[in-house]
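Residues per chain, in single letters:
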Amino acid sequence: MDIVYTIWLRSMKRYVRSKSRIVGSIAMPLFLLVFLGFGLNSVVSTTSLGQQYVMFLVPGMVAMSVLFTSVFSGIQIIWDKQFGFLKETLIAPVSRLEIMFGQTVGGATTAVIQGIILMVLAVLLGMRINNPIGFFIALGFMILVGISFTAFGIAIASRMEDMTGFQLIMNFVVFPLFGLSGALFPISSLPGWLEPITLIDPLTYGVEGIRYGLTGVSQINPVISAAVIAGFAVAMTGIGAYLFRKVSL
Amino acid sequence: MTIAIHVKDLTRRFGDLVAVDQISFDIELGEIFGLLGPNGAGKTTTLSMLSTTLEPTSGTATVMGIDISRDQDGVRKAIGIVFQDQSLDEELTAWENMDFHGRLYRIPKEIRLQRIDELLRLVELFDRRNDIVKTFSGGMRRRLEIARGLLHHPSVLFLDEPTLGLDPQTRNHLWEYIETLAKEKNITIILTTHYMEEADRLCNRIAIIDHGKIIALDTPTRLKDSIGGDVVTIQSPDTAGIATALAAPWINRMETHDGEVILSLKNAEQHLSTIVTRLNEEKIPITSISVHKPTLEDVFLSFTGKTIREQDMNKRDSMRMHFRMMRH
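Chain order of the listed sequences is A and B.
Counted from 1, the first sequence has number 181 at position 173 by the working numbering; the numbering is strictly sequential.
Counted from 1, the second sequence has number 687 at position 5 by the working numbering; the numbering is strictly sequential.
Read the hints as simulated data drawn from the structure, not as lab findings.
Just so you know, not all the hints are guaranteed correct.
Lysine-lysine pairs mimicking BS3-like chemistry, simulated, CA-CA at most 25 Å apart [to be verified]: (1) LYS89(A) / LYS27(A); (2) LYS95(A) / LYS759(B); (3) LYS95(A) / LYS791(B); (4) LYS21(A) / LYS816(B); (5) LYS759(B) / LYS89(A); (6) LYS254(A) / LYS816(B); (7) LYS89(A) / LYS816(B); (8) LYS95(A) / LYS948(B); (9) LYS27(A) / LYS988(B); (10) LYS21(A) / LYS791(B); (11) LYS948(B) / LYS988(B).
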């Protein structure tokens, strides 16, 4: 545990110092929330959502900031590789598993903090959380999404030599995961053939879970959502740990 | 005599390339031992195997009696390492880098805090301890890495090209630190370098390594003595003529190399006029003539037939070729 804590502590120190990154990664979901939310609010029929579109969008944007921050945190291992710091960690008499867990917990923590910041901003924009338990349910889902995608980032980073493939991963893996997740629109409004694809996207369950927590309404049973995203978190951590073990100096 | 590092027939292959070829040597406790050779000679590969980050293809080695293949964590606890490339977290302060290391090696808090202060003072970075490493110069970073490598009180310190890319002044400064360390901490140091002066100044014993093999191993003094006296270098358009004109029993060694004739002889100053007279009689033109005490460069040249710089060039060219081939 002490090693996991050590690596987590480093992530936190780096996070707190990277003011521009904190602001930078909150800007995109916040702008989307404002532009899409208020822009489409009067256009989108509220009957199918049971709420205002802008409020429907909040959980999706929270999920988005958690998703992008966590993938980026995981992939940052490549920087450590390039700047040599990974050597310092890997030469120490500690197990790879501890290092990987530390990185995962650290990345997930920063991602969840980013999500909470966005939630606070949403409250300032008029969102109301119905009950405090709902907040903690949403928080639980955010943690699971954070762990899943930090581990995903670590898995990718373990196989990449430099940041050149980063854009590719972001555009062809992370963005489609986000777009298909029902963060921007209700799953039921999709054409029939697209719905199964949405349902195999693990992020869908994360978004739905957060939405259930924050608004009390979701299209997927929150218990199923919790089971799927938890299973995905375990699987990704396993894959990440396996690939990280193979990283050579 | 106690052995700190014992290496027996250690070999590492990368595909067809034999990077390290059946090397064997022992390093005594408290010794500063140098691996000297051009880039790509196999120095870093050897160090990587000894520090358990690379598995040997064959052969064995022990560090402080611990087998590098059997007990990797045991070896890792016993060694401190300063890599060739920087390995600090630039976003953290000097103190935080030290603290991270101390925690990774599970040093109890009180001892950790005390040692960090002590070591930062030793490398004269105590006043800068709360500054972000990004603001540090190359020399300061190196000193911090050395301090960090010592934090868990290793028995053996590995220094891979400790002064590579540093300016001469900083290099001198760093040498003083390393010398002080060896004396005060009574620690065994193994370092790789391709700087002759560095090996000469710091090391008790040197293994000259080329193409993965150890071609000579001794104290710097004895290696230089093996040349057979002083070195006289004569530049001339007619190097072949010199060889025949100067065949004399007091010349211990004569080599023609790149438009120069290099002679080794005892008391060169006394023989200099004889050499010049003889060459004048034979009407062999002399472009320049110089005398110097033998250096490790001469030793390397006499063992390999090439200067270390030429070897570096060759390696670089073949690397470039290699990359070009990989790309196509």
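Hint check, failures only
Of the numbered hints given earlier, those the structure breaks are 6, 8, 9, listed in rising order.
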